[in-house]
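Trainee: The residues making up each chain are set out below.
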Amino acid sequence: MSIILDKVNYTYSAGTAYEIQALKNINLKMEDGQFIGIIGHTGSGKSTLIQHLNGLMKATSGTIYYNGEDIYAEDYDLRQLRSKVGLVFQYPEHQLFETTIFDDVCYGPKNQGLTKEEAGLRAFEALKSVGLKEELYYQSPFDLSGGQKRRVAIAGVLAMRPEVLILDEPTAGLDPKGRDEILNLVSAMHKERKITIVLVSHSMEDVAQYVERIIVMNHGEMIFDDAPHEVFKHYKELEKIGLAAPQVTYLMHELSENGLPVDVNATTVSEAKDEILKALGRKVC
Amino acid sequence: MKEQNIIEAKGLVHEYIRRDEEGNVEAIQTALDHVNLDVRPGQFIAILGHNGSGKSTLAKHINALLAPTEGTLYVDGKDASKEENVWDVRQSAGMVFQNPDNQIIASVVEEDVGFGPENIGVPTEEIWQRVEESLKSVGMLEYRTHSPNKLSGGQKQRVAIAGVMAMKPKCIVLDEPTAMLDPLGRKEVLKAVRALNKQAGVTIILITHYMEEVVNADYVFVMDEGKVVMKGTPRSIFSQVEELQEYRLSVPQITLLAHELKKSGLPIPDGILTRDELVEALLSVGQQ
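In order, the protein sequence lines correspond to chains A and B.
Numbering-wise (our numbering), the first sequence opens with residue 1 and increments by one.
Numbering-wise (our numbering), the second sequence opens with residue 1 and increments by one.
Treat the hints loosely; a few may be bogus.
As the list claims (entries may be wrong) - Within a straight-line C-alpha distance of at most 27 angstroms, the following computed BS3-like cross-link-like pairs (lysine-lysine) qualify: (1) B:K227 x A:K133; (2) A:K7 x A:K24; (3) A:K58 x B:K150; (4) A:K240 x B:K136; (5) B:K262 x A:K177; (6) B:K262 x A:K278; (7) B:K227 x A:K177; (8) A:K24 x B:K150; (9) A:K236 x B:K187; (10) B:K60 x A:K177; (11) B:K187 x A:K240; (12) A:K240 x B:K150; (13) B:K191 x A:K236.
Treat the hints as calculated values from the structure; they're not laboratory data.
In this text, all values refer to a predicted model and were calculated from it rather than measured experimentally.
My request is simple: use the sequences and hints to build the entire structure.
Mentor: The structure is reproduced here in structure tokens:
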């Protein structure tokens, strides 16, 4: 089980003066159960890339295989693919529309052809897993706070029981606690249900904290694809393309340049803390 | 004589009232609950608070987009709740919102920036002069003849700020101006905002969820459930890591690391805000 992109290219407005090649020769294998982060500045091709993964956009050339099957094959069921690869767009709460939270979450599974009872069960399960209080289920989604609305929107995708969950900047506009809650939720789903997670983010700190693999996009090309420690070693190149490394990575480099023997590869607060205590000869607790 | 505050809120209350079809009151939500807030001209103020804490409601009062239910708010000496002062208040206090795409209306950058002054009847020659100055102040002058939809998020947001600057406000309220931007865009916008504060002396009120952006502010207000619950310099606010977490906030990553190291027994001071400060503190620990 995996997603494979083989020489995928995508060109917007091909043949016109506004032609832009948004994806250039992307070769990529996303293994089942991975937690992958995609970073890149605005317009680097991140969103174009993820919309290819569930067939919303069709590559200008190249092939995409989902579990070994060519998704562009004539008899391939794209509807089926879209319920297996769930996509949570930016600001998904703007897409809430039903009169109650429960109905809104039922919409996806109902469209999959499930009965009302089955869809209801799925909705119940999904709302429970995003941690929304039961007394809210039959309220209007529009009275919720920003973070809560976003949970409902994520529940709407979860109710379709996807095998792969793609989230496009799920924490944009949320307060720090809200950011942690959403990311902890995603991380728990990854651990408990073993679903593959693809997280598009502008926060290097979040990416460093949660993902096991980072894909860096720049001008439609994939320029890095590696573990966070390896990717953030290239912090100078990342800066050149409008990105950065987590704050602690910079700190570790500065400490090391000033003669404190720390491992500069630390990318999270807890790693940095352990490294600094070790270098200062303190017990790590 | 004491210098007049540019913004002065006393016991400010705002209630959102929801009514049913017959007009009966269904629910009352108190978004601002007796807020007192003083801002001196030229200050760089940051307002923190979780989603739904009342930050944006407060911001909309400063721009007279909302009127208080109770209490008073003076903007540059004018009572913002009085209908006849609305236009003066809006000219004193400009506002920049989260999504740059919702704020840009013209098809050429310089026309977008000139839209505001044109609306208030500024003579043509002066409009162009203002357009040039404001674009220069945010570092976007070379893009004056570009189409806004080809710009990056950070550039668009700077154009939006230039549009506000062209109105020559004394004060700019920015409501999460960087929430939708990538790291470079965030950096550009903050740099532009700081320059306006330092060079043009514009009073800045920055509402944000990014703790790193607050480090350089003169003064920080923390809001929760419509009340101002903490206020002080960034250093004093960020020394209180646990309290901030109770209000669903956090501290900059460097401050958090310093706090964790201190808890592990390292003798380092409270409220470290920057990498330089932490490097210095750790090196001096290393020498002991």
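Trainee: Checking one constraint from the list: CA of K227 (chain B) to CA of K177 (chain A), max 27 angstroms. Satisfied?
Mentor: holds, 19 angstroms
Trainee: Would the pair K7 (chain A) and K24 (chain A) pass a check requiring their Cα atoms to be no farther apart than 27 angstroms?
Mentor: holds, 8 angstroms
Trainee: With a cut-off of 27 angstroms on the C-alpha distance, tell me whether K236 (chain A) and K187 (chain B) pass.
Mentor: Holds, because 16 angstroms separates the two Cα atoms, which is no more than 27 angstroms.
Trainee: Given the proposed pairing of K187 (chain B) with K240 (chain A), does the C-alpha separation stay at or below 27 angstroms?
Mentor: holds, 13 angstroms
Trainee: Please verify whether K60 (chain B) and K177 (chain A) have alpha carbons no more than 27 angstroms apart.
Mentor: holds, 24 angstroms
Trainee: CA of K240 (chain A) to CA of K136 (chain B), is that 27 angstroms or under?
Mentor: holds, 24 angstroms
Trainee: Regarding the pair K240 (chain A) and K150 (chain B), is the alpha-carbon distance no greater than 27 angstroms?
Mentor: With a Cα-Cα distance of about 20 angstroms, the restraint between K240 (chain A) and K150 (chain B) holds, given a limit of 27 angstroms.
Trainee: Need the status of pair K191 (chain B), K236 (chain A): alpha-carbon distance at most 27 angstroms?
Mentor: holds, 20 angstroms
Trainee: Run the distance test for K227 (chain B) versus K133 (chain A): straight-line Cα separation, threshold 27 angstroms.
Mentor: Judged against 27 angstroms, a Cα distance of about 25 angstroms means the pair holds.
Trainee: Between the alpha carbons of K58 (chain A) and K150 (chain B), is the straight-line distance 27 angstroms or under?
Mentor: OK: K58 (chain A) and K150 (chain B) at ~24 angstroms, within 27 angstroms.
Trainee: Holds or violated: K262 (chain B) with K278 (chain A), Cα cutoff 27 angstroms?
Mentor: holds, 14 angstroms
Trainee: Is the straight-line distance between the alpha-carbon of K24 (chain A) and that of K150 (chain B) 27 angstroms or less?
Mentor: holds, 20 angstroms
In the structure shown, no violation is registered for any of the earlier numbered hints.
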